Amino acid sequence: MVEFRYRTDEVTEQPSVTLDAFLDQSNATAVRLEPDDDARALIPFLDRLTLIEVAFPKYRDGRGYSSARILREAGYTGELRAQGDVLVDQIAFMRRCGFDSFAPEASLNPEAVARALSTYDQFYQKAADSAIPVWKLRHG
Amino acid sequence: MYKYDHFDQSIVDARVAEFRDQVNRRIAGEITEDQFKPLRLMNGLYLQLHAYMLRVAIPYGTLDSRQMRMLAHIARKYDRDYGHFTTRQNIQYNWIKLEECADLLEELATVEMHAIQTSGNCIRNISSDQYAGAAADEVADPRPWAELLRQWSTFHPEFSYLPRKFKIAVIASPEDRAAMRLHDIGLELVRQNGELGARVFVGGGMGRTPMIAPEINPFVKADDLLSYIEACLRVYNRYGRRDNIYKARIKILVHEIGADEYRRQVAEEFAHVKTLGIDPPLAELERISAFFAPPAFDAADVEPDRSDPDFAVWLDQNVKPHKQTGYAIVNISLKPIGGIPGDATSAQIDVMADLAEQYGFDELRVTHAQNIVLPHVAKRDLHAVWQVLRNADLADANLDLISDIIACPGLDYCSLANARSIPVAQKIATRFADMDRQRDLGELKLKISGCINACGHHHAGHIGILGVDRKGVENYQLTFGGSGAEDVSIGKIIGPGFDEDGVVDAVEKATEVYKTLREGDERFIDTYRRVGLEPFKEAIYG
Ligand code: HEM
Ligand code: SF4
Numbered sequence: 052m053v054e055f056r057y058r059t060d061e062v063t064e065q066p067s068v069t070l071d072a073f074l075d076q077s078n079a080t081a082v083r084l085e086p087d088d089d090a091r092a093l094i095p096f097l098d099r100l101t102l103i104e105v106a107f108p109k110y111r112d113g114r115g116y117s118s119a120r121i122l123r124e125a126g127y128t129g130e131l132r133a134q135g136d137v138l139v140d141q142i143a144f145m146r147r148c149g150f151d152s153f154a155p156e157a158s159l160n161p162e163a164v165a166r167a168l169s170t171y172d173q174f175y176q177k178a179a180d181s182a183i184p185v186w187k188l189r190h191g
Numbered sequence: 003m004y005k006y007d008h009f010d011q012s013i014v015d016a017r018v019a020e021f022r023d024q025v026n027r028r029i030a031g032e033i034t035e036d037q038f039k040p041l042r043l044m045n046g047l048y049l050q051l052h053a054y055m056l057r058v059a060i061p062y063g064t065l066d067s068r069q070m071r072m073l074a075h076i077a078r079k080y081d082r083d084y085g086h087f088t089t090r091q092n093i094q095y096n097w098i099k100l101e102e103c104a105d106l107l108e109e110l111a112t113v114e115m116h117a118i119q120t121s122g123n124c125i126r127n128i129s130s131d132q133y134a135g136a137a138a139d140e141v142a143d144p145r146p147w148a149e150l151l152r153q154w155s156t157f158h159p160e161f162s163y164l165p166r167k168f169k170i171a172v173i174a175s176p177e178d179r180a181a182m183r184l185h186d187i188g189l190e191l192v193r194q195n196g197e198l199g200a201r202v203f204v205g206g207g208m209g210r211t212p213m214i215a216p217e218i219n220p221f222v223k224a225d226d227l228l229s230y231i232e233a234c235l236r237v238y239n240r241y242g243r244r245d246n247i248y249k250a251r252i253k254i255l256v257h258e259i260g261a262d263e264y265r266r267q268v269a270e271e272f273a274h275v276k277t278l279g280i281d282p283p284l285a286e287l288e289r290i291s292a293f294f295a296p297p298a299f300d301a302a303d304v305e306p307d308r309s310d311p312d313f314a315v316w317l318d319q320n321v322k323p324h325k326q327t328g329y330a331i332v333n334i335s336l337k338p339i340g341g342i343p344g345d346a347t348s349a350q351i352d353v354m355a356d357l358a359e360q361y362g363f364d365e366l367r368v369t370h371a372q373n374i375v376l377p378h379v380a381k382r383d384l385h386a387v388w389q390v391l392r393n394a395d396l397a398d399a400n401l402d403l404i405s406d407i408i409a410c411p412g413l414d415y416c417s418l419a420n421a422r423s424i425p426v427a428q429k430i431a432t433r434f435a436d437m438d439r440q441r442d443l444g445e446l447k448l449k450i451s452g453c454i455n456a457c458g459h460h461h462a463g464h465i466g467i468l469g470v471d472r473k474g475v476e477n478y479q480l481t482f483g484g485s486g487a488e489d490v491s492i493g494k495i496i497g498p499g500f501d502e503d504g505v506v507d508a509v510e511k512a513t514e515v516y517k518t519l520r521e522g523d524e525r526f527i528d529t530y531r532r533v534g535l536e537p538f539k540e541a542i543y544g
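In order, the protein sequences belong to chains A and W.
Mind the numbering: the first sequence is residues 52 to 191 in the numbering used here, read in order.
Mind the numbering: the second sequence is residues 3 to 544 in the numbering used here, read in order.
Derived by calculation from the structure, the hints in this document are not laboratory data.
Because the structure is a prediction, the values reported are computed rather than measured.
Glycine included, each C-beta is placed from N, C-alpha and C at the ideal position.
Selected chain A positions facing chain W (Cβ under 10 Å, derived; list incomplete): (1) 87; (2) 110; (3) 112; (4) 124; (5) 141; (6) 144; (7) 145; (8) 146; (9) 147; (10) 173; (11) 176; (12) 177.
Below, computed lysine-lysine pairings styled on DSSO-like, alpha-carbon distance capped at 30 Å: (13) W/39 to A/109; (14) W/5 to A/187; (15) W/249 to A/109.
Over the 12 Å line for every Cβ pair with chain A, so calculated as not near, a few chain W residues: (16) 197; (17) 198; (18) 201; (19) 219; (20) 261; (21) 294; (22) 311; (23) 395; (24) 417; (25) 520; (26) 528; (27) 533.
Extracted from the complex, chain A is given alone in its bound form (with noise of 0.2 Å):
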């Protein structure tokens, strides 16, 4: 379930396929990918998906967070949610790294994301948010 949304579009109702059931068919707005499937292979069709859901089996499993990123970097610009073993310390990377919709398996407090993601306010690298990194406000 989703239970941290940062963004004010429609939510999508279509369930979202495998990167496998979407590459063989399909005409899906939504897509889930597993931490082994290569994001790179949805690139062709970014401008017809509305959601793009990035699994988390474990949390220690980091590959999402490339996916994620890579997804951005091609210009994708609708929802992209973690879903599954998402913890309170992971959403602040998330979010730099594009996510804007979370559907943690454990619910999380409300109180402690907001904390976590008000914990920082500089950035040294420049990432998938708009957040300006601290050379570029060191140097102009």
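Use these hints to put chain W with the ligands onto chain A, whose structure you have.
Leaving out everything else, chain W with the ligands in the frame of chain A:
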């Protein structure tokens, strides 16, 4: 020395607040130890055999006297009056109370220090050459590059849940004092047509499958560096193995697909990443470099008076040439005979801080061999420095000799250990306590790990000792022929293992074979490489 601006400080301060919140949630029982574990591990806090152990980062091993004094203060206030300097140029405290941890980090933050990413499957503290800025053979000071990488890797959102931990070293000399090619990524700064860039090596490491990193790119320009390294990491994050913790380091990926295929994938990813604008302008490297400008050297070139024989021995063994005439590099041994390698008391840490302030342009370094360096000491002050060190039991003249042993904490502290390391180090050092005997044996790098994780770098020891568990009994395997220097190599097991006293005897026999067979000024490892294992084996097992 790099100095934080308000951006750097705000990030470190935010981390302290975040960690305090996490600890409070744990103490209040809101999160379980299981949930707390990944959080504390991201911050260098390990639960060990007896207590929590905290690892504090010393970026590229460089610190000033104020920071060094803080390390002493922390040892005094939160630990048992000593700290342990590690092979990754960090310091570890072995007796930390969870409730006090956030206060400790808050104090550290006041001197621009932290424990960020000193554990966990993320990019760890960047290591470098302890002689940076002082070595005659460097093409540039490697530390600005290391600082650039420190900032880029700190809380990197994509690379905080890598398949396994990730260690980067940066050097800038042909002589490798940082075991560069035994890191996940090793960078060697080089000049090409006057331009400074980095040779990039990927996929080295120790642990149970030691590997020497192959060269992946002969020259990456400064303003491509972060894009290139980001590409290296992205390929690893996506394709590194996650099914088996022992095969999860990048060395296994590079080995399995081959250096050529890895290089190709990185090149492809780099072509894309380079379009994203993630590289800071060169002005940022210049801004950082300005902090590492050479100090105001002005001492006349005076040769120290060598009439005191103990001082003369220390000069010959522990003092190294500086690129600036009139100056020298002072190595402070943390390897007193019979002591614990890398340990220093609060009082000793304070003494070293004072010396740096008074005689050393306020700079200290931690070496991967677990010693301390004063990189810039005027030759005219060497005798005064030595006297202070001697009064603090810090004047052992054994740099790079057989008693300058690297040893991991082993079974005395570590929950993963098979065997004790420290007592073996103590016995060997005691056996060879006679300085003339040690000096006659010359450079001999002996390194001890208490299990196959190789924290004590035994694979890179001219003589390596590995603690194993044989049917519940501590047993020690010997390896010969390793090196972490520019002649990098991985040691080979010489035969069946030994008990604690047996391994000390075997080491002694090996040194005797060396003395009989050496030619000219060959070091132990040179003789071993020339004559092979047989004569040693015969003497030890024969
Ligand atoms: C006492 C607590 C410690 C624990 C539980 C611990 C654990 C480990 C583990 C599990 C590995 C293997 C990682 C791998 O191969 O993927 C490792 C490697 C290593 N550790 Fe430790 N360690 C401890 C202390 C230390 C200390 C005190 C030092 C420095 C003296 C150190 C330096 C290293 C180094 C240099 C490596 C090898 C890195 C490589 O494989 O390339 N560790 N440690
Ligand atoms: S080598 Fe093994 S025993 Fe030694 S510190 Fe590392 S994990 Fe512990």
